[in-house]
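> Based on the sequences and whatever the hints tell you, model everything.
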Amino acid sequence: MKRFLGFVKKEFLHIFRDVRTMIILFGIPAAQILLFGFVVSTDLKNAQVAFLDLSRDEMTQKISDKICSSGFFRRGETLLNFDDVDKALRGNKIKAVIVFEKNFGRKLISEGEADISIIADGSEPNMATLTTNYLTAIIADFNRELAGTSAAATMLIQPEVRMFYNPSLKGQFMFVPGVITLIMILICALMTSITITREKEFGTMEVLLVSPLKPIQIILGKVIPYFMLSFVDVIMILLLSWLVFGLPVKGSLILLLAESMLYILMSLSIGILISTVSSNMQQAILISLVGMMLPSVLLSGFIFPIENMPEVYGWISAILPPRYFIVIIKNIMIKGTGFLFVWKETLILMVFTAVAIGLSIKNFKIRLQ
Amino acid sequence: MKKVVESSGLCKRFGGTEALKSISFGVNENEIFGFIGPDGAGKTTLFRIITTLLLPDEGELKVLGLDCKTGFKELRRNIGYMPGRFSLYQDLSVEENLSFYATVFGTTVKENYDLISDIYSHIEPFKKRLAGKLSGGMKQKLALSCALIHKPALLVLDEPTTGVDAVSRSEFWEMLRKLRHHNITIIVSTPYMDEAMRCDRVALIQEGQILSVDRPETIRDGFSRKLFSIKAPEKHKLINALRSCPGISSVYPFGDSVHVTFKDDNFDNAIYEYLENSGISDVSISETRAGIEDRFLELMGTHLH
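Going down the list, the protein sequences come from chains A and B.
Once you know that position 342 of the first sequence is 342 in this note's numbering, the rest is easy, because the numbers rise by one and skip nothing.
Once you know that position 121 of the second sequence is 1121 in this note's numbering, the rest is easy, because the numbers rise by one and skip nothing.
Each hint should be verified, as a subset may be incorrect.
Covered by chain A, according to a simulated footprint, are these stretches of chain B (three or more residues, beta-carbon under 8 Å) [as the list claims (entries may be wrong)]:
1) 1087-1098
2) 1264-1273
Derived contacts from chain A toward chain B, CB cut-off under 8 Å, selection only [said to hold, decoys possible]:
3) Asp18
4) Gln61
5) Gly203
6) Val207
7) Phe227
8) Ala258
These are computed hints drawn from the structure, not numbers from a lab.
Beta carbons are placed, not taken as given, at the ideal position from N, Cα and C, and that holds for glycine.
Here it is in structure tokens:
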């Protein structure tokens, strides 16, 4: 036991002495969470729109005021003719141009209808869709108000949409679970595989093997420090997302932490497995990044929904552990469901862990090759 | 005398290449046993088999009375091993490295301090320094301290003096000699011929085969020819001239002179004339005693032909 503790102490010294390791352990998760939270936000805020008003009456004034006071849009330049539309969009600052036809207000009152056109910048498809959706909604709202005040109110069926669990459709709700999932597999798999292959590369493994340390002691000694620090990471990410983005944990915190521990353990055992099959650090890094990180980002359902993937990718994603953890963590954090709803995914993660540990112990060589 | 290591017919192959071809030797208790040979001779492979890091393909090997295949757990407790690359943690301090190896082997620095005090006292003033920042000589002393800290019965040192300055090398051998008072048998490999003289017995090894095992003096005496040392200011020119001289059978550079043997061991005065004609002046020739290197080169020659 004393031997083992000595080994664990040495691992902690390695970690705390190496600035790069500390940055990967604590700097990257914090940076990721903030980055994803703020920058990769899909919410619309203060997008600039330009107006080409060929009518210039009370009605067009009202509509443009409504658009610009919504908080989603900001008034950009005022255009004078159609030739300016192209120029405005090319400038990249203007996300959309709103064009009112001639005699807009008069036509609307006398004929009951008038034309508005929205010209969006299609070179950014997501932004364009978002912008036009928001603009259409605002104009529809104006329509309803107008209909309500006038006597000739037509019967309108208005669907009332409510978003459960994430009423304001905040992007962070989506990203925080995803980032936790990815960061954990990055830190755990990458770091443990590096730390073991480093011993091989520096020749210290030779002496460790000649020592009376058992393989299980070497493996556990490598795992325990990273297990503890990764757990600190999870708590740090949860705290950050709660304090900065106001993202609450709806379900049981204890259950969430317990599931995180399982996931960390599984990622660590995959890291060890990687280290037993790679003979140097480059190889370990390559396998961790290309073999684990990339498919996890693309196929775990973090960014692209699994349901929309071609069938083959769906099968590949079935063997990626992050896919299951994302389901678990979203359920617990956002929907607030209990263990009964995630037991299947939990069981799958347990199987992954057991297989990885079993293979690692079997692959761990008590001799050199 | 009790044998600490006994090997017979040891073979090891890596893919198609034979690293060891039927190696047999014995190491006595309490001796310093040296393996001398060029790079790639198979020294490291042999040491890895002795330290249970590799399994032999064929042959028997008993270390400390235990079979190297079945007794590896017990053996690993009693062997001190210093690999060719100093196995130190560069980001740990001198002190931390030493106490780590002590705990891993289930002991403390205090317990066996007397064993390493001679060596460790040289680096103790720097005990807070990171191992990566030590000089080659200090790294070597620390690695030796780490390998000794659990008082092993057998110490295996793989090229411990490679890349270390001459003064440290000399100090290092002094330390090894002192260790014999502690009942520690030492197996050491080196590419330096001059270090061979400091071993009790040496094995000359080349291409996976042992050419000769004996006391260094006896190996020197095994040189079968009359050896002459020739000196001239232009050494390079001298060697070329000697190599093409018909009466000479072998030419090897040795320090600032050239060692040659004559066909039928007859020193021929015509050599002076021959060298003069070749444009080499100020030649001095004297008979000399063969060094271990001469014997090694002779053995290699007979072995290859």
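> It remains to establish, for every hint, whether it holds in the given structure.
Each hint, compared with the structure:
{"no.": "1", "hint": "1087-1098", "in the structure": "holds (count 7)"}
{"no.": "2", "hint": "1264-1273", "in the structure": "violated (count 0)"}
{"no.": "3", "hint": "Asp18", "in the structure": "holds, 6 Å"}
{"no.": "4", "hint": "Gln61", "in the structure": "violated, 69 Å"}
{"no.": "5", "hint": "Gly203", "in the structure": "holds, 4 Å"}
{"no.": "6", "hint": "Val207", "in the structure": "holds, 4 Å"}
{"no.": "7", "hint": "Phe227", "in the structure": "violated, 21 Å"}
{"no.": "8", "hint": "Ala258", "in the structure": "violated, 33 Å"}
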